[in-house]
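J.: So you can see what is in the structure, the chains are spelled out below.
2 protein chains.
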Amino acid sequence: MNVAILGFGTVGSSVARILCDLKPDDIRLTHVFNRGVARKRVDWTRKDVVWTEDFEQVLRSDADVIVELVGGLDPAETWVRHILEAGKSVVTGNKKLIAARGIELDQVAHSHGAHLLYGAAVAGGIPVIPGLRQGLAGDRITRIEGILNGTCNFILSQMESGVAFAQVLKEAQRLGYAEADPSEDVDGFDARAKLVILSRIALRAGLKMDAVACRSITQVDAVDFGYARDLGCTIRQIAKAEARQDGHFAMVGPMLVPQRSPLAWSRGTENMVLVTGEYGGDVVFSGHGAGGHPTAVAVVSDLIALAHGSRPVDLPSRAVAISGEFELRHYIRFVVKDTPGIVAEIAGALASERINIDALFQRPGYKKDSLPFVVTVESCAASALRRALDRIAHSGWLAQAPLDLPMLGE
Amino acid sequence: MNVAILGFGTVGSSVARILCDLKPDDIRLTHVFNRGVARKRVDWTRKDVVWTEDFEQVLRSDADVIVELVGGLDPAETWVRHILEAGKSVVTGNKKLIAARGIELDQVAHSHGAHLLYGAAVAGGIPVIPGLRQGLAGDRITRIEGILNGTCNFILSQMESGVAFAQVLKEAQRLGYAEADPSEDVDGFDARAKLVILSRIALRAGLKMDAVACRSITQVDAVDFGYARDLGCTIRQIAKAEARQDGHFAMVGPMLVPQRSPLAWSRGTENMVLVTGEYGGDVVFSGHGAGGHPTAVAVVSDLIALAHGSRPVDLPSRAVAISGEFELRHYIRFVVKDTPGIVAEIAGALASERINIDALFQRPGYKKDSLPFVVTVESCAASALRRALDRIAHSGWLAQAPLDLPMLGE
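Protein chains in written order, with the numbering used here: chain X, 1 to 410; chain E, 1 to 410.
By construction, these hints were calculated from the structure, which means they are not laboratory data. None of the values given here were measured: they were computed from a predicted structure. Be aware that one or more of the hints could be misleading.
Because identical chains cannot be distinguished in the list, a pair is counted as satisfied if it fits within a single copy or across any two copies.
[Said to hold, decoys possible] Quick list of in silico lysine to any residue cross-link-like pairs, SDA-like style, CA-CA up to 20 angstroms:
(1) Lys23 <-> Ala243
(2) Lys368 <-> Arg60
(3) Lys47 <-> Lys367
(4) Lys170 <-> Asp221
(5) Lys96 <-> Gly36
(6) Lys96 <-> Ala164
(7) Lys23 <-> Asp314
(8) Lys23 <-> Ser317
(9) Lys23 <-> Arg318
(10) Lys23 <-> Pro316
(11) Lys96 <-> Arg311
(12) Lys368 <-> Gly341
(13) Lys23 <-> Arg140
(14) Lys170 <-> Asp338
(15) Lys23 <-> Leu389
The following block holds chain X by itself, in its conformation from the complex (with noise of 0.2 angstroms):
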């Protein structure tokens, strides 16, 4: 089988490499792509590699698998198409492309009998995409929740431990982790491109992109560390689906997880997902969810797929209206310049949504004119507490605006 790769950055190498050391079975890597190719070039290659920066010549030539690691819509798009078109089979990490164009490029794959594989679209070297087709294919699976983004899972587990937002951000962008602008990462758009590569495969659902609501997790501040261990939690980016009797619901944000749950386990740049299904229970598959190395296991692993003849488990799914509407206990935390009176409206404004309070803590050591506290309320939509704190959002005894984060259960 001879392989092209098309982007030869962090990951394009590590496929090289690896198809380097391991030689798995006639897997025979044959171009390079890249633009300005000369500086990418390595000498560790088979000598009979061409590099190229010449995409028709790849088109053209005898690979019969393409690894795609451009990324982003354009000119990724139209590439695979091609490739597709002309009857070779693609491997890619794309997830933007995946999430936003994946059931049409299957069918176009399908129609000119090609293959499309990209189990390292989502959480890198975990076999999750492979797992869920080939593995949890004869279970309903109801729930997933991920860990899905590296990036945000170390500035939240670094912030756990005391360390400052902007601080851990400057340590991420310094490690590699995190790009000069890091909206992707935090604002929960890259894990939602994930959350709907997932909800297709595992719920057979395809999400809207744009209906999946994003909160960033730049709202979190030291204190909420503080405040979500009292209550036996932290936080962490949670990229959430469900389908459920009434309906599908899914969303993307910090949200707070009990210590005792796996989601709480992941440390540093790891990626989990716990898939819960009706007859199995639930499955946690943890890890490197991204690097070079690890997303070029997935990469390899795929192009091993296909030297052998094995065609993933074809897995329909069907378009669904979906809402972030899930009836969960929710953490408020406010900041206020301490006056009396504060609690009672709160209360009511909570009361007038028929919201019922759960807790209230205060955490001693600060000042009056910027205190924080939180409030903890049982299951409710959070349309309701939207409308609730809309309520009080023009109170003068607000230092700021209040933060709402859904809490988990176990």
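Since chain X is already given, all that's left is putting chain E on it; use the hints.
T.: Then chain E, alone, in the frame of chain X:
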């Protein structure tokens, strides 16, 4: 695709139940075989299912795939052989059969154009086998550490909360987790069969079952959990195999695992598998390893894969010699009749094998004539430790034989 089930016990009836509920595309249950089938008959399957106690009838039927849930080697082996020779595929959860005869049976399947799938043979509802085959074939896996026996995990995690072995065992038997004769579980033979299967797929190493040393969990005492906690650890039955430059290593038995290791997270009857790859690092799979429904999920997933024409990635293994000589730290618990000079004797025995003592612990509150204390030693070969302990095996001050447990790293 027509499916017959051999063996209509807990798992068999769960398979039928899931096929009835999910109605996965084109999969039709046509035959159920069981001895004394009349008492097994249920009224919720398709009306035209043939209930039979005649294996030959199933073999000659129009079933395309036969699910073997009879268990054990005899007659399962003969039956599976006949089915594959008839060109029909087999899906099985029979770990004993696959551990002992899997390689031969794979060849029989191959030479008759049939398939043999056994995702249910290891860790039931956790897709470890598909995850390894389809998702990690692109890595070089060097180590497996697994909690592969739910009964032992239940017993040890209950003992961790302070319940005595005999009492937990009785409880496990009452709940149906443990057999009247628990040896297969507690002495490690069940986990060993699973380790042999995983090693074949992950390490591509064919281990001889009898060559894998098993140690029983029955020697572990309440006091060991106390000392383990002092060391930041707990105790689990671990099935461990490793491929190193200097050979292959494998063993099964109770070991100390750090509280911070994923292996310590598993509770109750949960299973967990941690594999370490040269490129992808650590990957953890966990969930329900046994029980009717989770195991049936693995069986039905294999059926769906066959129905979709998806073939598993075929990873050839080679027979290897193995050793139990892991170089690991060890925990050694002595129970002694306290007299002067004991520590000197122990230290001398260890020094004679060039084993370095790491620390010595003694919890207060025990009687002088039956005093437990613990010595931890730096990494050493199991055989050297065995020789050192043999030197003092007949000492008059030993109230019982010392217990040594390997200590795993984080």
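J.: What label fits lysine 47 with lysine 367 when the C-alpha limit is 20 angstroms: within, between, both, or neither?
T.: For lysine 47 and lysine 367, the Cα distance exceeds 20 angstroms both inside one copy (68 angstroms) and across copies (74 angstroms).
J.: My question is about lysine 23 and leucine 389: at a cut-off of 20 angstroms on alpha-carbon distance, are they close within one copy, between copies, both, or neither?
T.: Classified as neither; 59 angstroms inside a copy, 46 angstroms across copies.
J.: Which holds for lysine 23 with alanine 243 at a C-alpha limit of 20 angstroms: within a copy, between copies, both or neither?
T.: Between copies, since 18 angstroms is at most 20 angstroms while 42 angstroms is not.
J.: At most 20 angstroms between C-alpha atoms: does lysine 23 with aspartate 314 qualify within a copy, between copies, both, or neither?
T.: between (28 angstroms within a copy, 15 angstroms between copies)
J.: Checking an output row: lysine 368 and glycine 341, CA cutoff 20 angstroms. Within, between, both or neither?
T.: within (14 angstroms within a copy, 64 angstroms between copies)
J.: Give the relationship of lysine 23 and proline 316 under a CA distance limit of 20 angstroms: within one copy only, between copies only, both, or neither.
T.: Result: close only across copies, 14 angstroms inter versus 34 angstroms intra.
J.: How would you classify lysine 96 and glycine 36 at a CA-CA limit of 20 angstroms: within, between, both, or neither?
T.: neither (24 angstroms within a copy, 56 angstroms between copies)
J.: For the identical chains here, do lysine 368 and arginine 60 meet the 20 angstroms Cα criterion within one copy, between copies, both, or neither?
T.: Neither. Shortest intra-copy (71 angstroms) and inter-copy (83 angstroms) distances fail the 20 angstroms Cα cut-off.
J.: Please work out whether the CA atoms of lysine 23 and arginine 318 approach to 20 angstroms or closer within one copy, between two copies, in both situations, or in neither?
T.: Between copies only: 17 angstroms across chains, 39 angstroms inside a chain, cut-off 20 angstroms.
J.: Using 20 angstroms as the alpha-carbon threshold, which applies to lysine 170 and aspartate 338: within, between, both, or neither?
T.: Classified as neither; 34 angstroms inside a copy, 58 angstroms across copies.
J.: Is it within, between, both or neither when you check lysine 23 against serine 317 at 20 angstroms Cα-Cα?
T.: For lysine 23 and serine 317, the Cα distance is within 20 angstroms only across copies (16 angstroms; inside one copy 36 angstroms).
J.: Within a copy, between copies, both or neither: where do lysine 96 and arginine 311 come within 20 angstroms Cα-Cα?
T.: neither (23 angstroms within a copy, 28 angstroms between copies)
Hints 2, 3, 5, 6, 11, 14 and 15, counting from the list given before, are not met by this structure.
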